[in-house]
Amino acid sequence: MSGAGPDWARVRADFPALRQQVRGKPLVYLDNAATSQKPQCVIDAVRQYYELHNANIHRGVHWLSEQATIAYEGVRKKVARFIGAPDPRECVFVRGATEGINLVAQTFGRTRIGKGDEIVLSALEHHSNIVPWQILCEEKGATIRVIPMNDAGELRMDEYAKLLSPKTKLVAVTHVSNALGTVTPIREIARMAKTAGATVLVDGAQAVPHQPVNVKDIGADFYIFSGHKMCAPTGIGVAWAPLALWNSLPPWQGGGDMISSVSFEKSTWAEVPAKFEAGTPNIEGVVGLGAAIDYLSAIGMDRIAAREKDLLAAFEAAILRVPGARIVGTARDKAGVASFVLEGIHPHDIGTIADREGVAIRTGHHCAQPVMTRLGLPATARASVAFYNTPEEAPLLEAALRKVTEVFRA
Amino acid sequence: MSDLNDLYGDVILEHYKRPRTFKLIPDATHKAAGANPLCGDHIQVFLKMDGEKIADIGFMGNGCAISRAAASIMTQELIGKTRAEAEAVRAKYQAMVTREAGKPWEGGDLGKLEIFAGVAEFPVRVKCATLAWHALEAALKGKGETVSTE
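Taken in order, these protein sequences are the chains called A and C.
The numbering used here puts the first sequence at residues 1 to 410.
The numbering used here puts the second sequence at residues 1001 to 1150.
No wet-lab data here; the hints were simulated from the structure.
Some hints could be false.
Here are the in silico distance ranges between beta carbons for each label pair [said to hold, decoys possible]: (1) A/N54 / C/G1102: 51 to 61 Å; (2) C/T1098 / A/K77: 49 to 59 Å; (3) C/V1011 / A/T234: 36 to 46 Å.
Just so it is clear, CB atoms sit at the ideal spot from N, CA and C, and this is done for glycine as well.
Work the whole structure out from these sequences, hints included.
Here it is in structure tokens:
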């Protein structure tokens, strides 16, 4: 796929779930920020793994186990290339971004953050990048400070600068907001944190599926993301950190695969990444993630980002053509997400009526209650796009929303 | 095939736009709040009991059309009823909205509340239709805290 770029109609045809009708109408899937659909090649890769290569990894001397191990470790190399990690061993497989953040909280957090220390989060964070730190602060007597945002949903960098101090041990910030779509100035956030001597964790769950990401270029210490939002199966994700940082941390969960030797007196730990991957891992998920990375790379993340920018503009314009509609989150730099409200109509009712028209959107607080509280809204409706959406779906969203207003304004 | 009108009938929309008994009762003898955190719904129910009888009832709060209309119609239906009567209506209403989808409601006369029979066809909306009723139950039992439908 070079020159003119991919044939998007053919790309869309790779996703069997999108061929369905819902209540007699074509499915318009606009809940991609919750999870993406899966292309046939990912579904096939998982099936083929079970048909041909299923065995436990890192254990058997037999041929099948060797095949499974090669497949599993091969994906680690793909992940490293995909996010610009210098060494594949730096990429630890986890269940998803939530588990990745908890892994960092339980290893880095418990050994490096103590009484009186501060953790800086942002007003845009998903609950998964708030709650693990609250649990840690409760245990350690540390404090959470929050970078505020403006009405557009952009972080206040001037206020951020004021929060940084020698007490700041960690800055944990999202790369892209799942609730509003704001792309944060993550390089600058990381640079300022490092200058203050803090470690930087970036929640990349909404970024990696939608734009090229280079963890070294960003300057993060930890970069975390999920597979299921980027065409891979559920239950697989990646926590990245430089090898030296991982090596300096204690293990998290104990069990098989993470040890070097075990006796009842003392056990010794395996090398990174095995040290953080106790137990039989989600091998099918890893295999699926590898297929997803191949698929996205073949299209090109830069092309995906450009496509989704055009789509988002088309969908936002469609929403704004509906009487009483307002876009929530109007940051200059946005990716993938159109959060909105219709005057006098609760988002939950919008979601139910849109669903009757075959249009799948998310409604509620999007696991980001502090964002809603800051904006003074109980909830929003959210249309989130992926590259396989089409500009032709924008009028279908508009028609569904007009139907909502008809029901309520009759 | 369930129709949107099963959920968004004229009476429900009318009560959403102009809820009845949308009031705080300052001298309430019983009150409780119901929250549906996932949707951002929050409803407070106030009761003024005269012995066993509901002498006055009101509600306040924010919510979707279903939760607000359900609260409005609930308060209208329960005023003047005894605690035992209210509990019986609540149990029957709960059975109606949580019955198996596609089956007609045959559990007995619920009067005006039967306009919520269609909610059973929309399982994800059942918690909206029962939010005020959960708060009512908590209020009658004298629990002061917020009850959650999650």
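Verification of the supplied hints:
1. A/N54 / C/G1102: 51 to 61 Å: Taking Cβ atoms as reference, A/N54 and C/G1102 lie about 40 Å apart, which means the hint is violated.
2. C/T1098 / A/K77: 49 to 59 Å: 51 Å Cβ-Cβ, so the 49 to 59 Å window holds.
3. C/V1011 / A/T234: 36 to 46 Å: Once the Cβ atoms are compared, 41 Å apart, the range 36 to 46 Å for A/T234 and C/V1011 holds.
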